[in-house]
Structures are given as structure tokens and as C-alpha cells.
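J.: Line order of the protein sequences matches chains V and R. Using our numbering, read the first sequence as starting at 1187 and increasing by one per residue. Using our numbering, read the second sequence as starting at 1187 and increasing by one per residue.
These are computed hints drawn from the structure, not numbers from a lab. Each hint should be verified, as a subset may be incorrect.
Any copy, or any two copies together, can satisfy a pair, since identical chains are not distinguished.
As the list claims (entries may be wrong) - List time: in silico PhoX-like cross-link candidates among lysine-lysine, alpha-carbon distance up to 25 Å: (1) Lys1305 <-> Lys1284; (2) Lys1190 <-> Lys1249; (3) Lys1263 <-> Lys1195; (4) Lys1229 <-> Lys1284; (5) Lys1195 <-> Lys1219; (6) Lys1305 <-> Lys1263; (7) Lys1274 <-> Lys1249.
There are 2 protein chains.
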Amino acid sequence: MNIKDHLSKVTEYFSPKVIGEVNDVYVKVAKIKGEDIPWHNHKDEDEAFFILEGELLFEEEGKDSFTMTKGDFYVVKQGINHRVSAEKECHIMLIENKSTAHTGEVESHVTRSIEEQLK
Amino acid sequence: MNIKDHLSKVTEYFSPKVIGEVNDVYVKVAKIKGEDIPWHNHKDEDEAFFILEGELLFEEEGKDSFTMTKGDFYVVKQGINHRVSAEKECHIMLIENKSTAHTGEVESHVTRSIEEQLK
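Model the full assembly from the supplied sequences, consistent with the hints where possible.
T.: Dropping the structure here:
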């Protein structure tokens, strides 16, 4: 299936949807707009970001913030506090362990259960 | 780093290069042109394909062959014999377990060790 068809089913910002299962990881797509994702980390889990469309502001502790654009690929390593936001709508692909909570241990109004992400 | 920069370093067809490590998986890019990849399977490992540019002919046992185009995402499940080829140069992203041999247990002239893929 094309990534655009998967994205067309995403109706909420910050709400990742699983598009594939590859061994112990889920591949997901999400749409980001705004600053609603809280600072968080994934204690034992790396998380990969790939920009499909638009621009994503990436903030990571101990680093200068940087802007990711279409085609950029970045892995935030386990345990590192980070936050992503976007002024305009941005489409991303995520590669995460199945066990990864997308906002880490931080519960916020954008937090979605894995069941919701699998719908 | 942008996927185009990673791809610009790929000088051989069928020779995947690791662009990121996410927990137990490697994310790779590769360029495909021709029919040199042998039929193979990955006994215990799923393998994800994402088309970055061009068209990829996907053949999988028990299915009609199909053509993947830019933005298409597909996971071939563990143990299923498959083969990919491309008439014109095609750029792909792969998501594979670190332990996955890219041509399965089949050794061919395109087979590359993980050390070569990490260079």
C-alpha cells in the first residue's frame, strides 16, 4: 500500500498509525502540527524519524535544536529526552519497538494507546 | 542526514548500506537495477521495503508478482521465498533485523556481509 493512502486515513495530529509490523518493531505514520507533544524519552528504546513531507523541529537534550525536512532520517537513542513540533502540517514515518510508548512515560492529551495506533 | 546523501554514497547495485540502528533492526538503503538478486527467504525474520524512487518488481511465492512504486511500503513475512528486481534503477529503504542476511541463506555474487553494509 502506498504511504499516501496510509496518511489519508490519519485524521488527528500526533496520533501515530501502525502501517507495518517487522519483527519486534512497528512502522508508523503520523501527522504533526503544533507543539502538543511533551518532552519525553523512551528509557530502553531507540526511535527513528523519517520525514515524508514538510518540516519538523527536533529538540533533544544536550543538542541544539534542528529542523528536519523531507527525506531526512534521524534516530533518537534510548533515554534521551526529546520533543518534536511543527509550525505547518508535517508527515513522518516512525520506526519503534512494539513496546515503545510514543510519548514515553509522559501522559498527555495526545497520548494514544497501541490499540488506537493499530486501528 | 538526508536519504539522498546516504544514497549518493551507494555505488553498487544490490549492496545495501546501513543508515541507522533502531534497537534490534537496521534501516538500510539500496539501489536495485537488474535481476541479480536470487530467490531467497529469511527463515525467522520479516523484511520491510519502502520505495524511495523508481519501480521495483516484487515476486513472492504463492502470489502474483506486483510492481511497487515510489511511496509504496510492503513487508514480506518470515520464511516466504521472494525476489526483487528492477528494469531501471530503483532506490529502496529496507528495515531488517540486525541478524538478517539480505539474500537469506542463498550466497550469490550480490551477497554482502553486514560489515560491508555498515561501511
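J.: Compare the structure with each hint and give your call.
T.: To see whether the hints hold, each was checked on the structure:
Taking CA atoms no more than 25 Å apart as the test, Lys1305 paired with Lys1284 passes inside one copy only; the shortest distance there is 15 Å, against 28 Å between copies. Taking CA atoms no more than 25 Å apart as the test, Lys1190 paired with Lys1249 passes between copies only; the shortest distance there is 24 Å, against 32 Å inside one copy. Only between protomers do Lys1263 and Lys1195 lie at most 25 Å apart by alpha-carbon distance; the minimum there is 24 Å, versus 29 Å within a single protomer. For the homomeric pair Lys1229 and Lys1284, the shortest alpha-carbon distances inside one copy (14 Å) and between copies (21 Å) are both at most 25 Å.
Taking the closest pair of Cα atoms, Lys1195 and Lys1219 come within 25 Å of each other only inside a single copy of the chain (16 Å); across copies the shortest separation is 33 Å, beyond that limit. Taking the shortest alpha-carbon separations for Lys1305 and Lys1263, only the inter-copy value of 21 Å comes in at or below 25 Å, while the best intra-copy value is 27 Å. When the C-alpha separation of Lys1274 and Lys1249 is checked against a cutoff of 25 Å, the pair qualifies only within one copy, where the shortest distance is 23 Å, while the shortest distance between copies is 41 Å.
When each numbered hint is compared with the structure, no violation occurs for any of them.
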